[in-house]
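Colleague: In case you want the letters, here they are:
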Amino acid sequence: MPSDQKIIDSNLEKDYEYGFVTDIESETIPPGLNESVIETISQKKNEPDWLLNWRLKSFRHWLKKREPDWGNIKYPDIDYQSISYFSAPKKKKLESLDEVDPQLLETYNKLGIPLEEQKMLSGVAVDAVFDSVSVATTFKQELKNAGVIFCSFSEAVREYPDLVRKYLGTVVPYTDNYFATLNSAVFTDGSFVYIPKGVRCPMELSTYFRINEANTGQFERTLIIADEGSHVSYLEGCTAPMRDENQLHAAVVELIAHKDATIKYSTVQNWYPGDPETGKGGIYNFVTKRGICLEKNSRISWTQVETGSAVTWKYPSCILKGDGSVGEFYSVAVTNNHQQADTGTKMIHLGKNTKSTIISKGISAGKGQQTYRGEVKIMKGAKQARNFSQCDSILIGDKCGAHTFPYIDVRNSSAQMEHEATTSNIGEDQLFYCNQRGISSEDAVSMIVNGFCKEVFNELPMEFAVEATKLMEITLEGSVG
Amino acid sequence: MLAIKDLHAGVEDKKILKGIDLIINPGEVHAVMGKNGSGKSTLSNVITGKDGYDIYDGQILYKNEPIIDWTPEKRALAGIFMSFQYPVAMPGVNNTYFLKAALNAKRKNAGKKDLDAAGFLKLVKEKLDDLDMDASYLKRSVNEGFSGGEKKRNEILQMLTLEPELSIMDETDSGLDIDALKIIANGVNSHRSSKRAFLVITHYQRLLKYIEPDFVHVLIDGKFVKSGGKELALELEKKGYHWLES
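If you're matching them up, the sequences are chains A and B in order. So that you can map any letter, position 215 of the first sequence is 216 in this note's numbering, and since no number is skipped, the others follow by simple counting. So that you can map any letter, position 9 of the second sequence is 1183 in this note's numbering, and since no number is skipped, the others follow by simple counting.
It should be emphasised that the hints constitute simulated quantities derived from the structure, not laboratory data. Mixed in with the good hints there might be a few duds.
Unchecked claim - DSBU-like mimics (lysine-lysine), calculated; alpha carbons at most 35 Å apart, straight line:
(1) A:LYS356 - B:LYS1313
(2) B:LYS1189 - A:LYS400
(3) A:LYS65 - A:LYS347
(4) B:LYS1248 - A:LYS368
(5) B:LYS1313 - A:LYS455
(6) A:LYS400 - B:LYS1224
(7) A:LYS455 - B:LYS1296
(8) B:LYS1325 - A:LYS455
As the list claims (entries may be wrong) - Some chain B residues close to chain A (C-beta under 8 Å, calculated; not the full set):
(9) THR1222
(10) ASP1225
(11) LEU1251
(12) MET1256
(13) GLN1259
(14) MET1264
(15) ALA1279
(16) ARG1314
(17) GLU1386
Remember, predicted model here, so these are calculated numbers, not experimental data. Glycine included, every Cβ here is placed at the ideal spot set by N, Cα and C.
With the hints as extra help, turn the sequences into a complete structure.
Modeller: Dropping the structure here:
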């Protein structure tokens, strides 16, 4: 009989399937970070003064801040002066997909997301962010008819400056944390969404992020506003080319839900995790994602499937300010080989009758280390607040780790809190049971892991659920514990 | 069908089976009876190839081929099935999906095409009726939240669907009330044929009232101390195991 360890080893050796680099001419400013670099970024993007000033204010604040060290992650010091803070494909202002660089389209094809087909497919509008500048936007007209604004962040700054100015930094202030502050200073582009009163967005909004320039930091900024009674589902998916040097990614996402509005934000993240042997070269993903349920009966739901990156530091959170508002967090995170993830959520209950649900599923294989870190805070005024948290981890093999840090802070005695946590190995008994029915260990692990993640996958929009299942198979296929 | 010759096996340095000889021909039902700790479960685990057991000596032949080096799934695909004493739960894994995956693995191995969803459902519904199980079984996760009786029925459902040639029933009667026992025995009996064989492992005689064995072997301390016909089971029921212990 082959030992389980052998099966693990042979299957964990699978290479990253989406590793390639597209050779597109791009305009990159030399590495380094100072006020003049920030002025250059702002200039290149023709930004108004208020935004430049906000960037500079953030930069000055960042200089005073220290990189956080409380995460259960280890990585070499990042030299912020060796990073180039701006990279944009040279070609601009495209009328149609025909004008998009054929090589870029080819890239999408390799990723299995042909833009042209997506236009026709299942009503998904794609705002493709390639490196830092949006180069193609589809379905714009249809969305426009519904009154929905879905565009690149830079375009929003030009076309809807009042909206941007009103909401930027209101959920994640520029002082928030080291990486969010850095992002506020140097962010290059991202997405902007505004759903007007009473509008149900006619399609899922989707952005594919790509990191394509060697040695270029990626600082995305996303702002989504759902006005009274509106509804939107937003999908974010990422893959990246193989690289030798570490690539820093520090995005900020801000969500604002007004009265009776719903925002559903789904992520499938599959950035290059680093060399399977050494862990070198993977993406560092330090992301700040936060939403506020500003008014009564609003709802924000985060769903994430994290399979990539060398280091993940990410806590999509909800501030439940409006009475009766609802926050949800559904997460599947996988760490394989040398990957490390410190991820979770924060639910801050301010309003009465607010409700939050946390379902976190962690899978560790190889030498992967994973931490769930979650905070549930019930403030004094949050009468009858309720939280349900469930954090489950499975371990595949004996060299990985799972850690759980739940923080609970309750300041109102009427709160109802439930917390469940489990950690288990993919049991030899489960594997043997499958084997005894003629099912191979590879298929068994895939079956068990997908079963384990089912509650979260059920929350994903259909097309993402399929992609997520596929990603799990690529990442873990056949690893046995 | 199955030939075990002078089998010595154990876990780590602990010897559990100390020279087992057993020949099972097609169409036969063999019962192995023994007290806890006599080596019953080790015997079934060694035949099915569970990891963690060492074989010190002897041979296991299935259809005249030595199988000791075969993986558990190869043995399963070749037609060896075990109804588990403690079937494990697999949260989130749909029972139908699991059963279909198992059946299609077997069909693929036999060079047959996958059975489609409709064909599969029709097949399973028939088996469900035979076992007095309702269709809600198919929607549940494998063994999750199942009662003891439900788990055992689910095992038999799998057996009837996969149609193995050699079925090992590991303490299938434990935790069953008399009605469930009868239903399961009927399921097993309906599966009996001149081409199939059974190895029924049990502590008590009561299952053997409903599944009549052709041979009974008494396992004590890793050895068969006595073999005989079905009347041996009744004798054990009356006298206990004590009189056979040296």
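Colleague: Each hint needs a verdict: does it hold in this structure or not?
Modeller: Status of the hints after comparison with the structure:
Pair hint A:LYS356 plus B:LYS1313 holds up; C-alpha atoms about 30 Å apart against a cutoff of 35 Å. Among the hinted pairs, B:LYS1189 with A:LYS400 is consistent with the structure: their alpha-carbon atoms are about 31 Å apart, no more than 35 Å. For the suggested pair A:LYS65 and A:LYS347, the alpha carbons sit about 25 Å apart, so the restraint of at most 35 Å is met. Using a Cα cut-off of 35 Å, the hinted pair B:LYS1248 and A:LYS368 holds, with the two alpha carbons roughly 30 Å apart.
For the proposed pair B:LYS1313 and A:LYS455, the alpha carbon gap of about 14 Å is at most 35 Å, so the pair holds. A hinted pair counts as satisfied when its Cα atoms are at most 35 Å apart, and A:LYS400 with B:LYS1224 qualifies at roughly 23 Å. At roughly 26 Å between alpha-carbon atoms, A:LYS455 and B:LYS1296 fall within 35 Å of each other, so this suggested pair holds. Only pairs whose Cα atoms come within 35 Å are accepted, and B:LYS1325 paired with A:LYS455 is accepted, the gap being roughly 22 Å.
At about 6 Å, the closest approach between the beta carbon of B:THR1222 and any beta carbon in chain A falls short of 8 Å, and the interface hint on this residue holds. Checking B:ASP1225 against chain A: minimum C-beta separation of about 6 Å stays under 8 Å; hint holds. Evaluation of the B:LEU1251 hint against chain A yields a held restraint, the C-beta minimum of about 5 Å falling below 8 Å. This hint holds: B:MET1256 has a C-beta 6 Å from the nearest C-beta of chain A, less than the 8 Å allowed.
Violation of the interface hint for B:GLN1259 is found here, the shortest Cβ-Cβ separation to chain A being roughly 11 Å, above the 8 Å cut-off. Taking 8 Å as the C-beta cut-off, the interface hint given for B:MET1264 holds, the closest approach to chain A being about 6 Å. Restraint check, B:ALA1279 versus chain A: the minimum CB separation of about 4 Å is within 8 Å; hint holds. A hinted interface residue such as B:ARG1314 counts as satisfied when its beta carbon comes closer than 8 Å to some beta carbon of chain A; here the least separation is about 12 Å, so the hint is violated.
Evaluation of the B:GLU1386 hint against chain A yields a violated restraint, the C-beta minimum of about 26 Å exceeding 8 Å.
Violated hints, listed in ascending order, are 13, 16, 17; each of the other numbered hints is respected by the structure.
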